[in-house]
Structures are given as C-alpha cells and as structure tokens.
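*Asks:* Spelled out, the chains give:
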Amino acid sequence: MINVIPPAAIFIVGAIFVPLIRGRVKSAYMLVLPLLAFATLVKMPEGKYWIVRILDYDLIFGRVDSLSMVFGYIFTFISFLGLLFALKVRDDLQHVSALMYAGAALGVTFSGDFFSLYIFWELLAISSTFLILARRTTASQLAAFRYILVHVFGGLCLLAGIIVYIHDSGTTEFSYIGLGGTASWLIFIGIALNAAIPPLHAWLQDAYPEATVTGAVFMCALTTKSAVYLMARTFPGTELLIWLGAIMTVVPLLYGMLENDVRRVLAYIIINQVGFMMVGIGIGTQLAINGAVSHAFCDILYVGLLFMAAGSVLHMTGKIRCTDLGGLYKTMPLTCLFCMIGAASISGFPLFNDFISKSMIVSAAAHEKLSVIWLILQFASAGVFLHAGIKVPFLTFFGKDSGIRAKDPPLNMLFAMGGAAFLCIVTGLFPGALYDILPYPVDFVPYTVPHVVNELQLLMFGGLAFLLLIRTGYYPAQVRAINLDTDWFYRKGARHFYYVVDKVLNGVNALADRAIAQGIPVWVGRFSRRPLTSLVSLYMKTIGKDRVAIEEFEQETSPEATSLMAMGVPVFVSLVFMFLLFVVFAFLG
Amino acid sequence: MKRELKLFDKPENVKRLLGFFSAFLIVLLIVDFFVHKHADFPWEDAPGFFAAYGFGSCVVLVFIAKAWRIFIKRDEDYYD
Chain S
1 MINVIPPAAI FIVGAIFVPL IRGRVKSAYM LVLPLLAFAT LVKMPEGKYW IVRILDYDLI
61 FGRVDSLSMV FGYIFTFISF LGLLFALKVR DDLQHVSALM YAGAALGVTF SGDFFSLYIF
121 WELLAISSTF LILARRTTAS QLAAFRYILV HVFGGLCLLA GIIVYIHDSG TTEFSYIGLG
181 GTASWLIFIG IALNAAIPPL HAWLQDAYPE ATVTGAVFMC ALTTKSAVYL MARTFPGTEL
241 LIWLGAIMTV VPLLYGMLEN DVRRVLAYII INQVGFMMVG IGIGTQLAIN GAVSHAFCDI
301 LYVGLLFMAA GSVLHMTGKI RCTDLGGLYK TMPLTCLFCM IGAASISGFP LFNDFISKSM
361 IVSAAAHEKL SVIWLILQFA SAGVFLHAGI KVPFLTFFGK DSGIRAKDPP LNMLFAMGGA
421 AFLCIVTGLF PGALYDILPY PVDFVPYTVP HVVNELQLLM FGGLAFLLLI RTGYYPAQVR
481 AINLDTDWFY RKGARHFYYV VDKVLNGVNA LADRAIAQGI PVWVGRFSRR PLTSLVSLYM
541 KTIGKDRVAI EEFEQETSPE ATSLMAMGVP VFVSLVFMFL LFVVFAFLG
Chain G
1 MKRELKLFDK PENVKRLLGF FSAFLIVLLI VDFFVHKHAD FPWEDAPGFF AAYGFGSCVV
61 LVFIAKAWRI FIKRDEDYYD
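Chains as they are written, first to last, in the numbering used here: chain S, 1 to 589; chain G, 1 to 80.
Hints were generated in silico from the structure; no laboratory data involved. Watch out, some of these pointers could steer you wrong.
[As the list claims (entries may be wrong)] Chain S stretches covered by chain G per the calculated footprint, using a threshold of three residues with CB under 8 Å from any CB of chain G:
{"hint": "1", "region": "304 to 314"}
{"hint": "2", "region": "358 to 370"}
{"hint": "3", "region": "450 to 456"}
{"hint": "4", "region": "484 to 493"}
[Claimed, not checked] Counterexamples of contact, computed for chain S against chain G with all Cβ distances above 12 Å:
{"hint": "5", "residue": "Phe38"}
{"hint": "6", "residue": "Ile51"}
{"hint": "7", "residue": "Leu253"}
{"hint": "8", "residue": "Leu375"}
{"hint": "9", "residue": "Arg405"}
{"hint": "10", "residue": "Leu464"}
{"hint": "11", "residue": "Ile470"}
{"hint": "12", "residue": "Trp523"}
{"hint": "13", "residue": "Val524"}
Every residue gets a Cβ at the ideal spot worked out from N, C-alpha and C, and that includes glycine.
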C-alpha cells in the first residue's frame, strides 16, 4: 500500500503556504519541498495508483514506469536548483508560481489519464505566465499576454483532441496514440506547441527572455521537456517527427547567430536541443528513445545552468545584450567558469553530459541508415558549438572589454550554478547512473577512441572556423535589432489582418447600410407616394437636368397635386405589376 | 578595489592560448590516421572527414545566417 502523497501535490499544496512564512524558515521550507518530493519519488513503485473516481471517469495521478520516473527525477533536481537560485528573491508571486509550475510538470509526467493530464497541462501554462508577469515591465506584460494566448490555443487543441479521442475509444486512459485520425492530430498539435515545434515555436523565444531572472530557469526546463515526455509517451516512431526535429536543429541556429539578447540566443538553443529529442522520438528504436530521454535529462541541466549564468549577468549588470557586454571574466570569474562548463556541456565535448546523450540519437540515426538526418544532426552539433559554446561565453565574458565591473552574484546563486555544473560533469564522466534509469536497457558505449576523436575534430575545427571568421570580419556583427520569426504572424500579421478585415467587411457594411437601409426604402417610399414625380425626376436626372426638374415638381406643382394624374394611372400601374408577376411565375417558376 | 583578472589583457597569453589550440588541431588530424573506425557510413572513413565537416558546417552556417539577416532584420522598435 502506498501511503505517500503524489510529488505534484507536495509542490502545489506546499506553494500555498509560502506567503505565510518569513525569513530563513521560508528559505529552508522552499528547499525542503523538492527534497520531500525526491524522497517520495525514490519510494514510488512502478504501476498505476492514486486513482480517484469522478463522474464515472478514473483520474490516475500515479502512472509510474521507467519513462515517467526519469522525468520525475530531473524535474525535481532542477526545481531544487532553481529554488536555490531564487532563494534571495523577495517576491512571493515568483516563488508560489515557480512551485506550482514544478508541481504541474510533475503532474503531467505522472498522470495516466487525459483529464488529469489536461488539468496539469493548463496549470503549467498559467503558473509559468506569472513568472513572466513578475518581471513587471511593459515588455514582459505584453510578452506574457501573447504567451498565455498561444498556450490557451495549444491547450484547446489538446482538449478538442482529448474529447474526440474519448468519444472514439471510450476511455480516458492513454499511452501510445500514433498519428491517425482527427483526435490524434489535434493532440499532436497541442503537444507540438509546447515542444516548440516549428511553426508553433515562436512563443518560446518571445517569452523566455522577458521572464524574471530566476523564472527563466524553471521555464527553460519544464514546459518543453514535459512536452518531450508526452511526445515520447504518445507518438514514438512517428516519421514526421524526424523531419520536424531535423528542421528544429538547424533553423534556430541561424537566429541564434544573429540574435543580440543572450537569453534569446539560449531560447533558440532550447528549440535546437529539443529538435534532437524529436528526431530520437521520431526514429523510435530503443536506442533512439533512450537517447531522447537521456538528452532531455542532460539538456535540463546545462540549459538551466546557462540560463542561470545569463540570469546572473542580467542580475548583476542589468544588461543582457551582447552589444552591451564583454570582458566580464575579470570580475565575475566563477560565473564565467560555470557558463563555460554549461557551454562545453551543450556543445557535446567529451567528459561533459551532452556527449553521452546526443550521441545516442546520432548513433540511432546511423543504425537506421538515415544518412541525410545523420548529416543534419552533425551539422547542427557543430553549429551549436559555434553559437552556444563559443558566442555566448565569448561575447559576454571575453571579447571587447565593456568596462562593466560587476561582481559574481550572491552565494546561493553560485551554489545553484555550481550544483548544475557538478551534475553536468558527473553525468558526463559516469553515464552509467543515468543509463540505468532509462526506459530501455542500454547497450551503448560513448567513450570509444573513434567517437572521441571524431567529436573533437568536429568541434575544434568548428572553433577554428569561428576564430577565422570573427578575425576576418565575416562573422555576423552583433547589432541591436529584431529578427522576424513566426510570431510575426500574430504580432504584426494579425494587425494587418485586422486592418484588411476592418476595411473590407466594414466597407461592405457601410455600402449595404447606404443602399438597403437608406437609399432603396427612401426611394420606394417616395415612389409609392408620388409615382409620377419620381419617374419624371428620374428621367430628368438621367438626361442631366435634375436641378431644374426637382424644383419645378416640388410642392403644389407636382403632377399628383395638380390632379393631372388620371384615376386610371394607379390601376394601370397595378395591372402592369400583376402582369409582371404572372410572367415571372409562369415562365421562370 | 576588487581584484581583477587580467589574463587575456596580455598579448603573450592570447598567443600562448592560440598556440595550444593550433597544436591540438594538428594532433587531432594526425591521430585520425591511426584510429580504426567502425563507420556506419562510407564517408566517415575518410581521414579528417569530421574536421572538414565541422569547419565547413560553421562557415556555411555563418554565410546562410548573413543572407537570412537581409530578409528578417528589423528595427528594435518594430513591434512597438
């Protein structure tokens, strides 16, 4: 019998009490919550439990197997590090929403039916919105508004899919779905939006750079990766995902290279990394799924670390644009070191964790003889190093001296970064511990001589290219600018759409108003009162003497008033009308 | 006054770093000839394939990005 409460509940219920506690007790309390959740996770046996029956449907809050457990562990780890990083923030709104957000991510991970999944899915969107709003700038309010609208759209797609699915299958439980009918496509779109699959990806790079320093750490870890979990659960082996994933690995690199805001560069890298996971899920073999899952695990650690480092820079200097930064290694050596570890990890250097996870996906592509995909993935690996591995640390901490002399951030932030950096290296050095908790048994050895040599060649010669390009001035200059992405369609395109629709539909409306509401009834009214005057003035108008005519036929000089009109005229008009009706019915009817 | 690191303010340190880097690149190319590869694709066997591919990828990426910028670059207040 399981007598522990679900880890999601620990975070969500625990969040409610945060505003009631003060000082050091609050700090301790917040750090204890993820530890409690971790202790619960360790004790959770595999199976389905925490089932609540509501209205003839079973809500399953505990679907525990090896796939959900990996994500459960990593979400708990990053929540602990994120809370440690945010410990000194004096803003309960951020703490409460971060805890709710972490709880929602765990809820998504362990829910075994669509109803509870949907509740947590929406909580995920709502709680994270507050992490953007909490920045309290105009830009962040607008970004948060767009963020929630986009996610409500995704949520509604998912909900529509769920309803059709339940109607078709008669059950709320789900596991493998696979692309087939309407229901599966709607569910797929809903998950794809959260996984930032193009063209539904623009919310990520729009919103994350506007989030608070500490909120962004949670955001970069939870939303996309819970979608990766769900995709691995419901759509493994979907070929479409291989190609979408391949596009995701390459296109964001172009934007990452041109982008000036460091956190936006990192946001594009998240999309790129999720692309690798999507390729893995799309391939769908045991090796590929293991690769995707372990890559999600490692990605959360180093992307979290990079967002913490970038957040520290923003926190200490108030600046985050490449054009404003440079030379910070002089006074922020520890932040610089942690950022370099994150950069080395994300680039896939041997001894760091990405090396042991991404290579599983690349190998899986090779085993399936997907040569084009393999080439794209290698291309993207070199590209990631170019801008996440080199650009971010180089332009922030080295490069030209910006003259900023900010210190390293407070201890709690350094410890959080240190913890993430430590985990990046430990999982890189000893991949066995991670391999043991993956969904399928692992028969993969990352550290072989050819693999190490190949990877180092790929990266170091990519580095050489960077060096030559930046020295010769070919590397794109960092400029303060906006780079258009698909969010254009709802930020600018929607405005154009509104303008066009406004002009066209309101134009038709005005025309109809003038003709049907004002013109025709008035004319018909006048005609029925004074038919001869109307006909004569119409005739006068057509020959161009209207002014004279109308004045002459006004008042008592009009034909009707001077009894010039014979009694027979109305009778004649009626007869003509009835004859026309007869013609219409007899020949056209 | 807080202590400042000035590691890369000295040109000789930068030169030394570049020296190590170049040496490492050469070692990587030489080692390649002695490594027996279990290649999945025929081109992996070509010595220096990964070096050339890594270098080429980055150059191609930079030039595509520069071209792409022509179409997508707007002023910072474009959306305001």
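*Asks:* Which of the numbered hints above does this structure break?
*Replies:* Violated hints (numbers, rising): 1, 7, 8, 9, 10 and 11; every other hint is consistent with the structure.
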